[in-house]
Amino acid sequence: MDTGNLALQDNQNNGEILWESFKHPYNSFLPTMTLGTNRRTGENLKLTSWRSYQDPSTGNYTAGLAPLTFPELTFPELLIWKNNVPVWRSGPWNGQVFIGLPDVDSLLFLDGFNLINDKQGTFSMSFANDSFMYHFNLDPDGVIYQRDWSTSLRDWRIGAMFPSTYCDAYGICGPNGSCSSREDPPCECVKGFVPRNSTEWNARNWSNGCVRKGQLRCERQSNGGGKGDVFVRLQKMKVPVNAVQSDANEQDCPKQCKDNCSCTAYAFDRGIGCMLWSGNLVDMQSSLRTGIDLYIRLPHSELKTHSNRAVIIIAPVLGVAFLAAVCVLLACRKFKKRPDTSAELMFKRMEALTSGNETASNQVKLKELPLFEFQVLATATDSFSLRNKLGQGGFGPVYKGKLSEGQEVAVKRLSQASGQGLEELMNEVVVISKLQHRNLVKLLGCCIEGEERLLVYEYMPNKSLDAYLFDPLKQKILDWKTRFNIMEGICRGLLYLHRDSRLKIIHRDLKVSNILLDDNLNPKISDFGLARVFRANEDEANTRRVVGTYGYMSPEYAMEGLISEKSDVFSLGVIFLEILSGRKNSHKEENNLNLLAYAWKLWNEGEAASLADPTIFDKSFEKEITRCVQIGLLCAQEAANDRPNVSTVIWMLTTENTNLQEPKQRALIARRGSCDQGSLSTNDLSLTAVTGR
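Read in order, the letters of the sequence shown correspond to residues 0 to 692 in numbering that gives the first Met the number 0.
Accuracy of the hints is not assured; some may be wrong.
Quick list of in silico lysine to any residue cross-link-like pairs, SDA-like style, CA-CA up to 20 Å [stated by the list, open to error]:
1. K235 / A168
2. K480 / N519
3. K587 / Y549
4. K473 / Y549
5. K81 / K257
6. K441 / L494
Derived DEER-like restraints, expressed as beta-carbon distance ranges [unchecked claim]:
7. K388 / E450: 53 to 59 Å
8. T47 / P471: 27 to 33 Å
9. S261 / P30: 18 to 24 Å
10. S27 / W650: 26 to 32 Å
11. L5 / K388: 22 to 28 Å
12. D54 / N658: 32 to 38 Å
13. L215 / Y165: 27 to 33 Å
Calculated directly from the structure, the hints in this document are not laboratory data. Nothing here was measured: the structure is a model prediction, and the numbers come from that model. For glycine and all other residues, C-beta sits at the position ideal for the given N, C-alpha and C.
All chains should be built: construct the whole structure from the sequences, respecting the hints.
Have a look at this one:
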């Protein structure tokens with residue numbers, strides 16, 4: 000059938016369907032297909048993964064609706080199981096969303112969905128959307144991928160994935176623990192609870208969870224005397240598993256829980272009603288836009304205590320310096336070796352710099368914050384031999400290393416001759432240790448020993464994007480589909496920095512050499528030494544110290560020191576043009592124009608597609624290439640207010656058949672290649688202006 004359903008019909012009996020593939024799903028969930036459970040018949044339609052990407056035999060993972068596994072649920076949840084043990088759950092469906100899906104992905108996931116509960120034990124789920132083509136797969140790695148068809152790429156593109164963050168793992172923080180992907184460490188005990196095993200908890204093993212600090216009044220043998228138990232609100236929560244639904248209304252729901260001593264928490268959602276929990280609370284997440292308020296039962300004495308969540312205030316100068324010191328050590332918690340006295344001295348110097356910030360000073364216990372040993376990294380890199388050197392940046396050289404357990408790493412070593420120093424190192428760690436995204440490079444640890452300062456990252460075997468773009472042999476590997484995916488991936492990483500991460504971050508040095516490529520040529524933004532952390536309510540800042548790389552710097556930043564999200568957007572536009580053309584921005588074209596000026600010339604002449612790298616150009620891609628050149632020029636407009644934000648750039652990239660604005664007069668173009676990392680004056684720049692159409 001056109002739906003993809005393979006059906007066996009009895010043509011001699013009015014076309015009766017004897018067997019159909021939609022009633023026997025495997026690893027794919029297609030439009031008009033139904034997944035569900037029927038307690039009366041025992042029917043359970045669920046997805047089953049392949050054993051591997053090459054082996055289609057039955058794998059270890061299954062996915063489907065939850066009531067057969069959690070029969071007390073009267074509302075549907077999606078679950079993924081590994082060998083019948085849950086490894087991910089969506090949270091309950093409230094008629095509009097699953098309470099617990101990640102912020103952005105929840106919007107992608109639900110278009111056209113229909114979930115039915117006949118109140119007699121049958122749950123079914125289907126989706127159908129004629130506006131564009133998409134489907135879901137349960138892959139051998141236990142992840143559900145939403146894939147939608149891109150007509151411009153003529154291929155399936157990943158739109159969403161579940162689980163997508165560390166916190167999505169089922170029960171990752173143990174009983175009465177809550178997870179937030181915006182925090183480090185991600186797990187914390189909810190208010191009124193403490194780790195069951197502090198040693199294991201501090202070692203980042205959270206499976207034992209948390210226990211109450213004090214006994215509930217209603218649990219005491221004598222219920223007399225003292226004040227009654229109270230309920231504390233936790234906001235924007237993915238609610239725990241195994242809720243019991245009550246018919247109480249919104250006003251009566253709190254009282255029903257309060258009057259039942261075994262009730263440990265309640266929540267009310269208009270689409271579901273009153274939900275009650277007893278015993279331990281398992282699989283909670285916080286800070287989700289799809290989350291709801293959860294009220295947990297505590298002894299009255301807990302109202303007198305402060306929240307156990309540390310509050311860190313990021314001050315413009317000194318606050319950032321101290322927070323950086325904290326995060327350097329937090330990022331290295333994984334490695335259980337005690338730092339030497341030089342690390343302690345350095346930490347004390349950082350404390351001295353921030354002596355006015357006593358709140359932050361009291362939050363760190365150095366003995367709990369171990370580091371890599373220098374000798375371990377020296378051994379891993381063969382004493383930092385030249386043959387292991389991957390490259391050189393403003394911070395210093397980067398080496399490939401191999402740890403004793405076989406893990407390959409990239410080790411960045413601060414050079415004494417570097418223009419950057421301890422401040423940039425600390426800044427890089429404070430930024431990256433707080434971030435978790437598939438398009439950002441992952442920090443594994445650090446070393447502070449004697450005069451040595453080193454950072455340890457995941458190893459990227461394909462090195463940086465410029466190594467492919469500007470190499471006549473390697474650039475052929477980056478076909479149009481790959482380049483488009485790289486552009487989109489950079490945008491998604493940048494959107495996370497600007498809008499979706501716990502910290503609001505402006506990179507300030509976005510360029511192709513700071514985009515690393517993994518095994519599958521997926522982009523990862525790196526090098527956060529010059530990044531600027533903004534307060535939540537801060538949109539723009541001014542600095543006298545202009546740092547970065549000419550050719551990628553926006554005019555308002557280079558000339559006036561003004562920093563905003565739009566500074567990174569300008570750099571993004573230049574990167575787009577470099578990816579499309581396979582040429583450096585500093586490369587001189589006809590009439591001595593650099594790449595950006597040349598792109599404007601071609602745009603004015605209606606020949607934008609001719610900017611494309613000949614190795615990728617194909618007439619069938621001409622429309623898409625022209626569109627991407629236009630997006631690049633929109634990003635590189637002279638006035639910051641004229642440039643789109645990153646979310647709009649993603650929309651322009653992924654939404655077809657929409658008319659884009661005409662780019663306005665192009666920005667001023669610096670003719671120098673790369674700047675010193677320090678204070679600069681406008682006399683360092685040679686500028687040219689070309690008027691766009």
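Results for each hint:
no. : hint                    : result
1   : K235 / A168             : 18 Å, holds
2   : K480 / N519             : 13 Å, holds
3   : K587 / Y549             : 15 Å, holds
4   : K473 / Y549             : 25 Å, violated
5   : K81 / K257              : 37 Å, violated
6   : K441 / L494             : 17 Å, holds
7   : K388 / E450: 53 to 59 Å : 20 Å, violated
8   : T47 / P471: 27 to 33 Å  : 47 Å, violated
9   : S261 / P30: 18 to 24 Å  : 44 Å, violated
10  : S27 / W650: 26 to 32 Å  : 28 Å, holds
11  : L5 / K388: 22 to 28 Å   : 55 Å, violated
12  : D54 / N658: 32 to 38 Å  : 47 Å, violated
13  : L215 / Y165: 27 to 33 Å : 31 Å, holds
In this structure, the hints that do not hold are numbers 4, 5, 7, 8, 9, 11 and 12, in rising order.
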